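Whole structure, please, built from the sequences with the hints as guidance.
Taken in sequence, the protein lines are chains A and B.
Quick note on my numbering: the first sequence kicks off at 1 and runs consecutively.
Quick note on my numbering: the second sequence kicks off at 1 and runs consecutively.
Just to be clear, a hint being listed does not mean it is correct.
As the list claims (entries may be wrong) - Using C-beta positions, here's what the derived DEER-type ranges look like:
| # | chain 1 | residue 1 | chain 2 | residue 2 | range |
| --- | --- | --- | --- | --- | --- |
| 1 | B | R126 | A | V63 | 52 to 58 Å |
| 2 | A | H121 | B | A69 | 27 to 33 Å |
| 3 | B | T47 | A | L26 | 38 to 44 Å |
Unchecked claim - Partner residues aside, some chain B positions facing chain A, computed with beta carbon under 10 Å:
| # | residue |
| --- | --- |
| 4 | R75 |
| 5 | K84 |
| 6 | L113 |
| 7 | Q120 |
| 8 | I121 |
Keep in mind that the hints were calculated from the coordinates and are not lab data.
Fair warning: this is a prediction, and the values are worked out from it, not measured in the lab.
Ideal Cβ placement from N, Cα and C applies to all residues, glycine included.
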Amino acid sequence: MTSSYGLRLALLCSACFFAVNLAAGLLIRLSVGSLIRRASLVSTRSAAKLLFGARLAPTFLSVAVVLGLCVPSFLLHEQRATAEGIGAPFLIGALLGLAAFGDGLVRGARALLSSSRFVRHAGHARGLVALAGIVRPRLLVTQDVVETLTRDELDAALRHEYAHRLSQDNLKQLLILLTPSLLPGWRGLDSLERAWKQFTEFAADDYAAAGDAQRSVDLANALVRVSRLSASPTPALTASLLDSCGHLEWRVSRLLSRASASPQPPSRLALVAAIALVFTAAFPLLHPASLLAVHNLLEKLIQ
Amino acid sequence: MLRFFRSRRNQELGPLELTVMEVLWTSGEANVHEVTARLDRPLAYTTVMTTLDRLYKKGLLDRRKSERAFFYSTRLSRDLWEKKQAREVLAELPSESLISCLVDVVQEQDEALLDELEKQIRIRRRELRRKQA
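Here you go:
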């Protein structure tokens, strides 16, 4: 099969993205255990950031490689006039890349739809304390919760939701949903996503408790009392007081055993990620000859 | 299926770990010396210390340092721990049809779990009130 210049560039981007995303994703998948162990050594907020960064790392790395290496090498060294043949493995890689992208987009769109539908019908829900929405998150509290909780417990529950708003957990969840799967139909990093969700709940609990033993007990009691209301299930992109991962007893035990929130050391994750991305982007400028080598390699792969 | 057996193996406690947990569930908070003394068979201090440390790292124990010794206590009551184990087993079961047969049992356990958590909260509230007084 032969293809035009523009089509070759599009297929190249898709195939490279797919290959780097899959390789980096598998590496992250192999190190999920050690990542979670490391996360449990730092504050819950930093842990959530670390796991979120790790979840998005394959996508960011793939974008950096495509934009920093593949596209410049193609634009500089590929001849416009010629039509070149494309090998089947390369074409399959490109199609898998497109399918993985589509997978993420469909997942994100579905989550947005179900979330907005849920907000519209939240009046019929039971036992609900949740933050729904991305751009302007709305706090949803049902009447039965207001009638069940004491003032201090409700205050603790609302502080928990406010923590989710401050850390923009719904937006982060949407980004996670939008990230292309490692393979179409196989996200590959589910355990990392579950661990991230768990640490966001712990971080919100710690924020709500603010190191105050009384507040911790109030929040623990609020969790148990809302559980007794047989809360309605909440869709994705809705940060509920009761997470759907079944960590209630763990959260209550944490709140009762920890009188104070763990300290929050500054996170260096963003700095490390920024340096890595800048280095990837600057690499072709520092070593222009490398683009030719990259182009030659890609030529072989395309065939 | 392999994943199921693997994860079960990680959660299971060895005989000595279980014995140490029994001691702590019965007697409450204790240091290494106290746990060693309460065991029904003579064991080296270092063996008990290692076991307690392992249980702490598994997240089953809390510990606080007082002068030069660590005092260990269980994070969950025996009842709660057993329920947690049962829930984890159910969660790992590969067949949805099997799980649906057990839904009633799980709901009963959930109620019992909430009762247990409320009991713990009441105890903690009493402790806080006592401290404030």
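Hint-by-hint comparison with the structure:
1. At about 55 Å, the beta-carbon gap between R126/B and V63/A stays in the expected band of 52 to 58 Å.
2. At about 57 Å, the CB distance of H121/A to A69/B disagrees with the hint of 27 to 33 Å.
3. A beta carbon spacing of about 40 Å between T47/B and L26/A agrees with the range 38 to 44 Å that was offered as a hint.
4. The interface hint given for R75/B holds, since its Cβ lies 6 Å from the closest Cβ of chain A, which is under the 10 Å cut-off.
5. With 10 Å as the threshold, the beta carbon of K84/B comes within range of chain A, its nearest partner Cβ sitting at about 6 Å, so the hint holds.
6. Checking L113/B against chain A: minimum C-beta separation of about 6 Å stays under 10 Å; hint holds.
7. Taking 10 Å as the C-beta contact cut-off toward chain A, the hint placing Q120/B at the interface holds, the least distance being around 6 Å.
8. Checking I121/B against chain A: minimum C-beta separation of about 5 Å stays under 10 Å; hint holds.
When held up to the earlier numbered hints, the structure conflicts with hint 2 and nothing else.
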